[in-house]
Amino acid sequence: MLNAIDKKLLNTVADLHDVPQGAYSIRKDGAGLSINSTDNIIVSQKKDRQGINVIVKPGTRNQSVHIPVIISLSGVKEVVYNTIDIGEDSDVLVVAGCGIHNSGSKESRHDGVHEIIVRKNAKIRYVEKHYGEGEGTGKRVLNPKTIVHVYEGGTADFEMIQIEGVDDTYRLTEAKLYKNATLTMTEKLMTHRDQEAKSDVIVELLGKNSSVKVISRSVAKGSSAQIFQPRVIAKAEGKGHVECDSIIMDNGKIRSVPEIWAEHPLAELTHEAAIGRIAGEQLIKLMSLGLTEEEAVKIVIEGFLR
Amino acid sequence: MTACHFSANIGTEIEDSVYGRRKQSMIRLEDISVKAVNGDSEIDILDNISVSFEEGKFYCITGPNGGGKTTFAKVIMGIIKPSSGKLYFNEKDITESDITERAKLGIGYAFQYPPKFKGLRVRDILKIAAGANGDMEHINRSLTNLGLNPEEYLDREIDGSLSGGEMKRIEIASVLLKQPNVIIFDEPEAGVDLWSFDELINVIKENHNKNGGITIVISHQERLLSTADEIVVICNGGVQKIGPAHKILPQIKSDICCKFRDVCRGDEDAECDR
Numbered sequence: 010m011l012n013a014i015d016k017k018l019l020n021t022v023a024d025l026h027d028v029p030q031g032a033y034s035i036r037k038d039g040a041g042l043s044i045n046s047t048d049n050i051i052v053s054q055k056k057d058r059q060g061i062n063v064i065v066k067p068g069t070r071n072q073s074v075h076i077p078v079i080i081s082l083s084g085v086k087e088v089v090y091n092t093i094d095i096g097e098d099s100d101v102l103v104v105a106g107c108g109i110h111n112s113g114s115k116e117s118r119h120d121g122v123h124e125i126i127v128r129k130n131a132k133i134r135y136v137e138k139h140y141g142e143g144e145g146t147g148k149r150v151l152n153p154k155t156i157v158h159v160y161e162g163g164t165a166d167f168e169m170i171q172i173e174g175v176d177d178t179y180r181l182t183e184a185k186l187y188k189n190a191t192l193t194m195t196e197k198l199m200t201h202r203d204q205e206a207k208s209d210v211i212v213e214l215l216g217k218n219s220s221v222k223v224i225s226r227s228v229a230k231g232s233s234a235q236i237f238q239p240r241v242i243a244k245a246e247g248k249g250h251v252e253c254d255s256i257i258m259d260n261g262k263i264r265s266v267p268e269i270w271a272e273h274p275l276a277e278l279t280h281e282a283a284i285g286r287i288a289g290e291q292l293i294k295l296m297s298l299g300l301t302e303e304e305a306v307k308i309v310i311e312g313f314l315r
Numbered sequence: 614m615t616a617c618h619f620s621a622n623i624g625t626e627i628e629d630s631v632y633g634r635r636k637q638s639m640i641r642l643e644d645i646s647v648k649a650v651n652g653d654s655e656i657d658i659l660d661n662i663s664v665s666f667e668e669g670k671f672y673c674i675t676g677p678n679g680g681g682k683t684t685f686a687k688v689i690m691g692i693i694k695p696s697s698g699k700l701y702f703n704e705k706d707i708t709e710s711d712i713t714e715r716a717k718l719g720i721g722y723a724f725q726y727p728p729k730f731k732g733l734r735v736r737d738i739l740k741i742a743a744g745a746n747g748d749m750e751h752i753n754r755s756l757t758n759l760g761l762n763p764e765e766y767l768d769r770e771i772d773g774s775l776s777g778g779e780m781k782r783i784e785i786a787s788v789l790l791k792q793p794n795v796i797i798f799d800e801p802e803a804g805v806d807l808w809s810f811d812e813l814i815n816v817i818k819e820n821h822n823k824n825g826g827i828t829i830v831i832s833h834q835e836r837l838l839s840t841a842d843e844i845v846v847i848c849n850g851g852v853q854k855i856g857p858a859h860k861i862l863p864q865i866k867s868d869i870c871c872k873f874r875d876v877c878r879g880d881e882d883a884e885c886d887r
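If you read the protein sequences in the order shown, they are chains S and X. Per this note's numbering, residue 10 is the first one in the first sequence, and the count goes up by one each step. Per this note's numbering, residue 614 is the first one in the second sequence, and the count goes up by one each step.
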């Protein structure tokens with residue numbers, strides 16, 4: 010059912026060696042390939058459009074669901090809408106991600122919309138990895154949109170990673186946080202050659218004591234270009250911190266525009282942004298331990314994007 | 614250029630190092646100069662230094678701030694290229710060798726101000742330092758020897774969350790794990806609390822006794838200087854004195870007394886060598 014390329018893509022984007030245990034949905038080349046539910050996590054195809062519903066029953070703890078997408082045919086273009094509903098008091102891990110292998114000349118493109126609802130006192134850790142490969146000239150394009158609602162007392166920990174091979178990407182993340190809700194969003198991005206990446210994040214603090222931390226770390230190599238525009242808007246007494254930290258190499262271009270916006274007198278918002286080359290001292294230290302300059306650069310970047 | 618606190622005795626002491634060339638030596642600097650541009654003029658950070666370091670000896674380098682000690686150390690590691698002169702390692706000319714090549718030959722340098730790394734953990738850098746023979750037991754012991762609990766520190770990032778003293782200990786642990794034949798410690802005491810300083814000296818000394826290569830410590834601590842086989846005083850970009858600790862240390866103290874006291878108090882505070 011899964012060939013070697015499929016397995017490699019699955020391993021890269023979802024740490025899966027084969028079809029997983031437990032709840033999952035694997036989508037391949039524009040269609041659902043395999044789907045499985047458990048007693049507490051119901052995964053089903055949407056009836057009205059492409060995509061799936063993942064319903065986590067209230068009180069489900071220490072369980073995970075994998076929902077990777079793989080594309081290995083050149084020229085597949087799809088728009089998918091997924092809804093993930095995390096019931097009250099649950100604590101789960103959701104592993105999403107998309108891998109494209111494009112060996113042809115046509116553009117392969119996945120536009121995924123994820124709507125994630127984190128109910129009262131629920132906890133989610135969400136990991137999304139994007140990866141592209143293939144010897145063809147066809148572009149590998151990923152445009153993920155993520156809409157997050159974190160309700161009273163909920164905690165969301167998001168890790169979004171795009172390390173390699175995606176030619177064009179436009180990421181949009183919108184989050185609404187209610188009373189005592191917490192969101193930590195870590196975005197890690199590396200672009201090569203003439204790749205372009207744009208990421209917009211808009212977080213609204215709508216309830217008292219809500220808090221958000223948006224951290225983006227990126228590396229731009231070759232002549233690639235990146236634009237970051239994370240924005241936190243406090244409409245209630247909440248806390249927000251935005252951090253953009255980038256390493257620029259070769260002829261890369263990076264634009265970082267962190268924005269904080271308060272509409273409540275008790276809001277506390279901070280931001281910081283930095284773009285720079287790898288510090289020479291870091292390379293010297295690693296070289297003095299016997300690494301070559303290339304090895305030292307690799308180690309510094311791996312650590313930075315960990 | 615920094616005012617030189619130490620004076621006199623240049624001629625005779627340097628001859629020792631010239632004689633040193635004839636002996637079996639592992640590191641030899643020959644007429645090394647480092648120039649830097651300062652505004653419109655060029656200044657000598659190091660000015661025609663010739664000195665040898667012999668296998669098995671424990672050296673301390675001292676001298677006033679800005680005298681050229683760190684530049685001297687960085688020239689040996691290959692971090693700073695000399696504008697003229699030659700550097701030999703076991704009689705092999707390594708003047709043109711880069712940092713990596715020198716590290717592989719067995720030269721190591723513990724930074725005065727170790728760099729911070731975002732995302733890189735203590736575990737990562739120690740594993741790189743230990744290389745192929747780096748089992749975890751070895752790595753854990755390197756931290757314990759420097760007063761750091763491995764469980765607490767291995768997974769910490771080498772970033773701004775570590776204090777200056779913690780950074781220094783991790784730096785020293787990394788260089789000791791690498792086990793170079795020639796190790797230069799650049800002010801190992803900086804940032805380390807005085808209570809732990811004796812322990813730190815012990816670790817460096819024990820390593821030297823076990824390793825048998827060359828240990829060079831840049832320091833201002835008398836307790837460390839007094840244990841050296843030889844003390845090298847670097848001042849105004851030159852080697853001003855070199856010799857056994859028991860000879861050099863009283864001279865340094867005497868010079869400082871003369872510098873900071875208006876009235877000569879003879880040998881009340883130090884052995885006056887005048």
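Worth flagging that the hints you see were computed from the coordinates, not collected in a lab. In this text, a Cβ means the ideal position worked out from N, Cα and C, and glycines have one as well. One thing to keep in mind: the hints can contain errors.
[As the list claims (entries may be wrong)] Cross-link-like lysine-lysine pairs, in silico, DSS-like; alpha carbons within 25 Å at most:
id	chain 1	residue 1	chain 2	residue 2
1	S	K307	X	K648
2	X	K818	S	K307
3	S	K115	S	K16
4	S	K16	S	K129
5	S	K230	X	K731
6	X	K694	X	K648
7	X	K717	X	K860
8	X	K731	S	K207
9	S	K307	X	K740
10	S	K217	S	K17
11	X	K740	X	K705
12	X	K694	S	K222
13	X	K740	S	K262
14	X	K729	S	K197
15	X	K818	S	K230
16	S	K207	S	K129
17	X	K705	S	K222
18	S	K86	S	K132
19	X	K818	S	K197
20	S	K307	X	K717
21	S	K185	S	K129
22	S	K262	S	K230
[Claimed, not checked] Label-pair restraints from in silico Cβ distances:
id	chain 1	residue 1	chain 2	residue 2	range
23	X	V650	S	D120	29 to 35 Å
24	X	E750	S	G39	16 to 22 Å
25	X	V650	S	K115	52 to 58 Å
Evaluation of the provided hints:
Taking the CA atoms of S/K307 and X/K648, the gap is about 32 Å. The hint is violated against a cut of 25 Å. A hinted pair counts as satisfied when its Cα atoms are at most 25 Å apart, and X/K818 with S/K307 does not qualify at roughly 35 Å. Between S/K115 and S/K16 the CA atoms are separated by roughly 22 Å; this keeps the pair inside 25 Å, and the hint holds. Between the alpha carbons of S/K16 and S/K129 the distance comes to roughly 36 Å, so the proposed pair goes past 25 Å and is violated.
Under the criterion of a C-alpha separation no larger than 25 Å, the hint pairing S/K230 with X/K731 is consistent with the structure, at around 18 Å. A distance of roughly 10 Å separates the Cα atoms of X/K694 and X/K648; the hinted pair therefore holds under the 25 Å criterion. A threshold of 25 Å between alpha carbons decides the hint, and for X/K717 with X/K860 the separation of about 35 Å lies outside it, so the pair is violated. Between X/K731 and S/K207 the CA atoms are separated by roughly 23 Å; this keeps the pair inside 25 Å, and the hint holds.
Only pairs whose Cα atoms come within 25 Å are accepted, and S/K307 paired with X/K740 is accepted, the gap being roughly 15 Å. For the given pair, S/K217 sits about 45 Å from S/K17 by alpha-carbon distance, which is inconsistent with the 25 Å threshold. In summary, the hint linking X/K740 to X/K705 is not supported, as the alpha carbons are separated by about 30 Å, beyond the 25 Å threshold. Only pairs whose Cα atoms come within 25 Å are accepted, and X/K694 paired with S/K222 is rejected, the gap being roughly 44 Å.
Restraint check for X/K740 and S/K262: the C-alpha separation of about 33 Å exceeds 25 Å, so the hint is violated. For a cut-off of 25 Å, the pair hint linking X/K729 to S/K197 stands: about 20 Å separates their Cα positions. The straight-line distance between the Cα atoms of X/K818 and S/K230 is roughly 45 Å, outside the 25 Å bound, and the hint therefore fails. Between the alpha carbons of S/K207 and S/K129 the distance comes to roughly 32 Å, so the proposed pair goes past 25 Å and is violated.
Between X/K705 and S/K222, the direct Cα distance comes to roughly 55 Å. Violation of the 25 Å bound is thereby established for this hinted pair. For the suggested pair S/K86 and S/K132, the alpha carbons sit about 33 Å apart, so the restraint of at most 25 Å is broken. Restraint check for X/K818 and S/K197: not satisfied, since their Cα atoms lie roughly 44 Å apart, outside the 25 Å limit. Restraint check for S/K307 and X/K717: the C-alpha separation of about 19 Å stays at or below 25 Å, so the hint holds.
Pair hint S/K185 plus S/K129 holds up; C-alpha atoms about 13 Å apart against a cutoff of 25 Å. For the proposed pair S/K262 and S/K230, the alpha carbon gap of about 9 Å is at most 25 Å, so the pair holds. A C-beta distance of roughly 55 Å is found between X/V650 and S/D120, which places it outside the suggested range of 29 to 35 Å. Between X/E750 and S/G39 the Cβ separation comes to about 52 Å, which falls outside the hinted range of 16 to 22 Å.
Remark: the range hint 52 to 58 Å for X/V650 to S/K115 is upheld by a beta-carbon distance near 57 Å.
Hint check: violations occur at hints 1, 2, 4, 7, 10, 11, 12, 13, 15, 16, 17, 18, 19, 23, 24; the rest are consistent with the structure.
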